[in-house]
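There are 2 protein chains.
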Amino acid sequence: MRLSQFHLHTSKEVPAEAEIISHKLMLKAGMIRKLASGLYTWTPLGLRVLRKVERVVREEMDAAGAIEMLMPSVQPRELWEETGRWEKFGGQLLKVQDRKDAWYCYGPTHEEVITDFARNELASYKQLPVTFYQIQTKFRDEIRPRFGVMRAREFLMKDAYSFHLDDADLDRQYRVMYDAYGRIFTRLGLRFRAVFADTGAIGGSASHEFHVLADSGEDAIAFSDSSDYAANTELAEALAPAGRAAATQAMHKVETPYQRTCEAVAELLQIPLDRTVKSIAVIGEQGFVLALVRGDHTINEIKLAKLPGLGNYRMATEAEILETLGSEPGFLGPVGPRNDIQVIADRSVAAMADFVVGANEKGFHLVGVNWGRDLPEPALVADIRNVVAGDPSPDGAGTLDITRGIEVGHIFQLGRNYAEAMGCTVQDANGKAATPTMGCYGIGVSRIVAAAIEQNHDDNGITWPEAMAPWQAVVCVINPKKDPAVAEAADALYRQLNAAGIETALDDRGLRPGSMFADIELIGIPHRIVVSERGLAAGTFEYRQRRAGESENLDQVTLSARLGVK
Amino acid sequence: MRLSQFHLHTSKEVPAEAEIISHKLMLKAGMIRKLASGLYTWTPLGLRVLRKVERVVREEMDAAGAIEMLMPSVQPRELWEETGRWEKFGGQLLKVQDRKDAWYCYGPTHEEVITDFARNELASYKQLPVTFYQIQTKFRDEIRPRFGVMRAREFLMKDAYSFHLDDADLDRQYRVMYDAYGRIFTRLGLRFRAVFADTGAIGGSASHEFHVLADSGEDAIAFSDSSDYAANTELAEALAPAGRAAATQAMHKVETPYQRTCEAVAELLQIPLDRTVKSIAVIGEQGFVLALVRGDHTINEIKLAKLPGLGNYRMATEAEILETLGSEPGFLGPVGPRNDIQVIADRSVAAMADFVVGANEKGFHLVGVNWGRDLPEPALVADIRNVVAGDPSPDGAGTLDITRGIEVGHIFQLGRNYAEAMGCTVQDANGKAATPTMGCYGIGVSRIVAAAIEQNHDDNGITWPEAMAPWQAVVCVINPKKDPAVAEAADALYRQLNAAGIETALDDRGLRPGSMFADIELIGIPHRIVVSERGLAAGTFEYRQRRAGESENLDQVTLSARLGVK
Numbered sequence: 132m133r134l135s136q137f138h139l140h141t142s143k144e145v146p147a148e149a150e151i152i153s154h155k156l157m158l159k160a161g162m163i164r165k166l167a168s169g170l171y172t173w174t175p176l177g178l179r180v181l182r183k184v185e186r187v188v189r190e191e192m193d194a195a196g197a198i199e200m201l202m203p204s205v206q207p208r209e210l211w212e213e214t215g216r217w218e219k220f221g222g223q224l225l226k227v228q229d230r231k232d233a234w235y236c237y238g239p240t241h242e243e244v245i246t247d248f249a250r251n252e253l254a255s256y257k258q259l260p261v262t263f264y265q266i267q268t269k270f271r272d273e274i275r276p277r278f279g280v281m282r283a284r285e286f287l288m289k290d291a292y293s294f295h296l297d298d299a300d301l302d303r304q305y306r307v308m309y310d311a312y313g314r315i316f317t318r319l320g321l322r323f324r325a326v327f328a329d330t331g332a333i334g335g336s337a338s339h340e341f342h343v344l345a346d347s348g349e350d351a352i353a354f355s356d357s358s359d360y361a362a363n364t365e366l367a368e369a370l371a372p373a374g375r376a377a378a379t380q381a382m383h384k385v386e387t388p389y390q391r392t393c394e395a396v397a398e399l400l401q402i403p404l405d406r407t408v409k410s411i412a413v414i415g416e417q418g419f420v421l422a423l424v425r426g427d428h429t430i431n432e433i434k435l436a437k438l439p440g441l442g443n444y445r446m447a448t449e450a451e452i453l454e455t456l457g458s459e460p461g462f463l464g465p466v467g468p469r470n471d472i473q474v475i476a477d478r479s480v481a482a483m484a485d486f487v488v489g490a491n492e493k494g495f496h497l498v499g500v501n502w503g504r505d506l507p508e509p510a511l512v513a514d515i516r517n518v519v520a521g522d523p524s525p526d527g528a529g530t531l532d533i534t535r536g537i538e539v540g541h542i543f544q545l546g547r548n549y550a551e552a553m554g555c556t557v558q559d560a561n562g563k564a565a566t567p568t569m570g571c572y573g574i575g576v577s578r579i580v581a582a583a584i585e586q587n588h589d590d591n592g593i594t595w596p597e598a599m600a601p602w603q604a605v606v607c608v609i610n611p612k613k614d615p616a617v618a619e620a621a622d623a624l625y626r627q628l629n630a631a632g633i634e635t636a637l638d639d640r641g642l643r644p645g646s647m648f649a650d651i652e653l654i655g656i657p658h659r660i661v662v663s664e665r666g667l668a669a670g671t672f673e674y675r676q677r678r679a680g681e682s683e684n685l686d687q688v689t690l691s692a693r694l695g696v697k
Numbered sequence: 132m133r134l135s136q137f138h139l140h141t142s143k144e145v146p147a148e149a150e151i152i153s154h155k156l157m158l159k160a161g162m163i164r165k166l167a168s169g170l171y172t173w174t175p176l177g178l179r180v181l182r183k184v185e186r187v188v189r190e191e192m193d194a195a196g197a198i199e200m201l202m203p204s205v206q207p208r209e210l211w212e213e214t215g216r217w218e219k220f221g222g223q224l225l226k227v228q229d230r231k232d233a234w235y236c237y238g239p240t241h242e243e244v245i246t247d248f249a250r251n252e253l254a255s256y257k258q259l260p261v262t263f264y265q266i267q268t269k270f271r272d273e274i275r276p277r278f279g280v281m282r283a284r285e286f287l288m289k290d291a292y293s294f295h296l297d298d299a300d301l302d303r304q305y306r307v308m309y310d311a312y313g314r315i316f317t318r319l320g321l322r323f324r325a326v327f328a329d330t331g332a333i334g335g336s337a338s339h340e341f342h343v344l345a346d347s348g349e350d351a352i353a354f355s356d357s358s359d360y361a362a363n364t365e366l367a368e369a370l371a372p373a374g375r376a377a378a379t380q381a382m383h384k385v386e387t388p389y390q391r392t393c394e395a396v397a398e399l400l401q402i403p404l405d406r407t408v409k410s411i412a413v414i415g416e417q418g419f420v421l422a423l424v425r426g427d428h429t430i431n432e433i434k435l436a437k438l439p440g441l442g443n444y445r446m447a448t449e450a451e452i453l454e455t456l457g458s459e460p461g462f463l464g465p466v467g468p469r470n471d472i473q474v475i476a477d478r479s480v481a482a483m484a485d486f487v488v489g490a491n492e493k494g495f496h497l498v499g500v501n502w503g504r505d506l507p508e509p510a511l512v513a514d515i516r517n518v519v520a521g522d523p524s525p526d527g528a529g530t531l532d533i534t535r536g537i538e539v540g541h542i543f544q545l546g547r548n549y550a551e552a553m554g555c556t557v558q559d560a561n562g563k564a565a566t567p568t569m570g571c572y573g574i575g576v577s578r579i580v581a582a583a584i585e586q587n588h589d590d591n592g593i594t595w596p597e598a599m600a601p602w603q604a605v606v607c608v609i610n611p612k613k614d615p616a617v618a619e620a621a622d623a624l625y626r627q628l629n630a631a632g633i634e635t636a637l638d639d640r641g642l643r644p645g646s647m648f649a650d651i652e653l654i655g656i657p658h659r660i661v662v663s664e665r666g667l668a669a670g671t672f673e674y675r676q677r678r679a680g681e682s683e684n685l686d687q688v689t690l691s692a693r694l695g696v697k
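As they're listed, the protein sequences go chains A and B.
Whatever position you read off the first sequence (first residue = 1), add 131 for the working numbering.
Whatever position you read off the second sequence (first residue = 1), add 131 for the working numbering.
Source of the hints: derived by calculation from the structure; they are not laboratory data.
Just so you know, even glycine gets a beta-carbon here, dropped at the ideal spot from N, CA and C.
Fair warning: there could be bad hints in the mix.
[Stated by the list, open to error] To give an idea of the chain B side of the interface with chain A (calculated C-beta under 10 Å), a few residues:
1) P175
2) L176
3) L178
4) L201
5) P203
6) F220
7) G222
8) V227
9) R284
10) E285
11) V688
[Unchecked claim] No farther apart than 16 Å at their CA atoms in a straight line, the calculated lysine to aspartate or glutamate pairs in the EDC-like style are these:
12) B:K143 with A:E252
13) B:K226 with A:D232
14) B:K437 with B:E349
15) B:K563 with B:D297
16) A:K155 with A:E144
17) A:K159 with B:E252
[Unchecked claim] Chain A regions said to be covered by chain B (calculated; three or more residues, Cβ under 8 Å):
18) 134 to 142
19) 253 to 264
20) 270 to 278
21) 490 to 504
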């Protein structure tokens, strides 16, 4: 592509509403233009990148045996009523009435449509397993669209759905798709993690999210420093420490007049925070519960809610605390409360000795507290905290680190919920109707573009991984009008590189070097080659790798080798 | 692709609502499945064909210098109000309110969005000319969706828009796109015609429709048998015949008691229909007008309305006719009516001698009528009829034939209407604001698939042109489980052909030959190769071209040559 024939339109200013770096850089580079809230036009430059992601996704889906199809974006209300999601899906569902007053929605996802397709198309177990996918524009009416295409309302998504006779086969295909996702993000040149995920409201069993790692990510991910293990911090298991030390101190009360937090108590007493214990008062099915986590840890509400009797727990009110423990919050503790109070200790707390807790008396804490001596062993020991960096990895390999990630893919084992709700069955080998079990596998194609920029940028602009760059290389011409020989040499190199399979642009716009180079750095082309009068005289081209600081003058043979020309 | 791994699902029954052959065959072949009125899922088989069309369109657009981009499908009301089309577009515009009660539409076309893009992106004449295009799902809320994807509500379209400083440059690019369209349909292997079109409500000047020729087409097209000339019959010019013969008969009145049509009169008098003249009474700005066309011709209302004073003409009522001519319809004629009646003669009528007209008297016609003798020369001679087969071509080359066509593309010179309405300007060479002139160029990508089937089918199914077929060739295996050598030979051939660049499927589904061949003929694969035990023993493959009646047994060298393997 000759850039003089392409619509490249960078800009220096960025609207104030662009909060994150990918949004800013996509606007500055002229990859997207805003049409309305959460609606973006992909310019020619942006579309080139989007299509590269799309192509890799398609190739890997095909390789994984998924079969491409295309469902309508507009879906009839009746299907969504069969699964109850017409109401349940909430405000993100863009509902629309046609000229005959029939209701439809602009599909935010396609479980209903594919299950309808399956119940009409799949008659026999012999047609299973099968995985369908599509790459399609979807719409979610976000309450607060922001971050450009990262959280747009209209977006490009790959969604795949698989159908299986039994759970073992679903497991098998789930693994195939898991691996395909890994290949996709690897091929795109992105640092990513597959993390265990809570299936939440969608139901089903196994679920993984795929996150592109970036400091600006919305999600915190715990991952092992020496294995594949990764999970949302909310879901990662905190293992029990090895054993409990022997008691060395006698329990005694200390005055803590203004110290209502573990941090304040630790500072006053000049002890490490991990010697203190936080007592959280909640009300479960059986009444008052005191949940204990170490002072340097935080309680994990999802884990707590999974314990018996706490499915719908709530925080205790100040009045309930005062009535039950005789103290106000800030000085609570598990020592000596009434017998009917259940004490649940986090695994870390159960392993502590000589620890500090509130005295259930305003202005006092207890120091040197020990289990089995000063208070009974906890009624229940469980994992009820969030993991922190340095915790041992739950898979036994290495220790956990915490990073931030942007969710760009999500795979689920849906199970039979949709097929059952919509009466989708096939004949099994015995001629009986069997309800297939389903998997679903999504990738936010347009979101990947923004996530990649969050991960790959510097002060001068985007630093694309090679597979996502609009072009792999660009040939820049200095003063083409002044010296036809320079223009000719640049043109020849441009054509040679393209012929050799290096997707190359020619910057023949005639800009001054400063503006030209700034544009090229901003839009993130991995390899820049400058053809100038001086270089031509010396028989060299000036080569610079986008992520490298320095330029080099190379002859054509060396340049070709550097670019990987075969 | 091994068909055992592909979702091929043909069926024998076709829903009654499928009226036309392409709709029936697409359902039978399992290319599409209906989701709701005017909404179709493209199955894996259908999508393969759709993508082939899309690819050819994209390649030719790129070759024509158009630059691909992608605009949102959801468009804000405000833009459509700037051009007045929010109201004017009518019921086809699917309007939708988001969760904040703002109005949007699901884009049926993108003039507003691209003009908004242009006014933000284009600042200088140096950025012109530029042509943008996209291939995108669009929605038109048809009042009566039918014919499957031929007139669906959701459909895939290529729309392109060009911007130019002056009309000459628009003309130039219009020609470039015209040629690109020709290459697209030629590459797809379709018989087509580019026809002059009326720009209708869209405004602007030049306009061509591209029609795939098929007997079932909705539009009648007049085309020259010896040149490129083609036009909608409504727009094709009917040339004036050469000169008028001398009068040979005296005018006389004949009794035609029940003969109220030219056909009936000609039959009664035993004369050719082209000796009679039809008189049509209309009311224009200046009052009563009698428009005359030959008995074997039909009046063209579009041409009539283009004459001075007839822009808003209407048919005269029976009362008006009786009052003006003193006769009831069926016996009207131009001889002897009041002087204030304007007589407009079609060119053919003006060239007639000794003709027959109504006598303005119930039950009578006049025979042997001649211009200048029995009545004054017509006040106006004009082309006011539809062309018929056998008319001379308006470009002077050959004679016209009439065929039927399906509109699959349409190119317009839009002019400055949109740019003016939306305040889109660029700086010209003198630094002054100039309003660009625009072209727009559409192709119904999904419609092409249906149109191609209308043109290419036989009793057994679809007969795809090679470029559109889901696969170019298929290798069919007879009894693969019985004889592993047959399965192996088929598999080897399948892999060889694909390696040689012939896109080949392997029918390894294990069906009986009858069912297998019926499927393969139905879905229209151009080249079928059967591998059987007997053939293997003889060292031959059974080859059949889809459009040929006979199979041949060929050795592999001959087969490769026949398939064009290089």
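Coverage of the segment 490 to 504 of chain A by chain B, judged on three or more residues with CB within 8 Å: violated (count 0)
16 Å limit on alpha-carbon distance, applied to hinted pair K143 of chain B and E252 of chain A: holds, 14 Å
Restraint satisfaction for L178 of chain B [CB to CB of chain A, less than 10 Å]: holds, 5 Å
Outcome, coverage hint (the segment 134 to 142 of chain A, chain B; C-beta under 8 Å; three residues): holds (count 4)
L176 of chain B as chain A interface residue, shortest Cβ-Cβ below 10 Å: Interface hint status for L176 of chain B: holds (9 Å vs cutoff 10 Å).
Evaluation of the interface hint that places F220 of chain B against chain A, nearest CB under 10 Å: Cβ of F220 of chain B sits 12 Å from chain A, so the hint is violated.
Agreement of hint P203 of chain B with chain A interface, Cβ distance less than 10 Å: Constraint on P203 of chain B satisfied, holds at 4 Å.
Restraint satisfaction for V688 of chain B [CB to CB of chain A, less than 10 Å]: violated, 32 Å
Hint consistency between K563 of chain B and D297 of chain B [alpha-carbon to alpha-carbon, up to 16 Å]: holds, 14 Å
Pair hint outcome, K437 of chain B versus E349 of chain B [Cα-Cα no greater than 16 Å]: violated, 24 Å
Evaluation of the interface hint that places V227 of chain B against chain A, nearest CB under 10 Å: This interface hint holds because 4 Å falls under the 10 Å limit.
8 Å C-beta test of the segment 253 to 264 of chain A against chain B, three or more residues: This one holds; 3 residues, not fewer than the three required, reach chain B with a Cβ under 8 Å.
When each numbered hint is compared with the structure, violations occur for hints 6, 11, 14 and 21.
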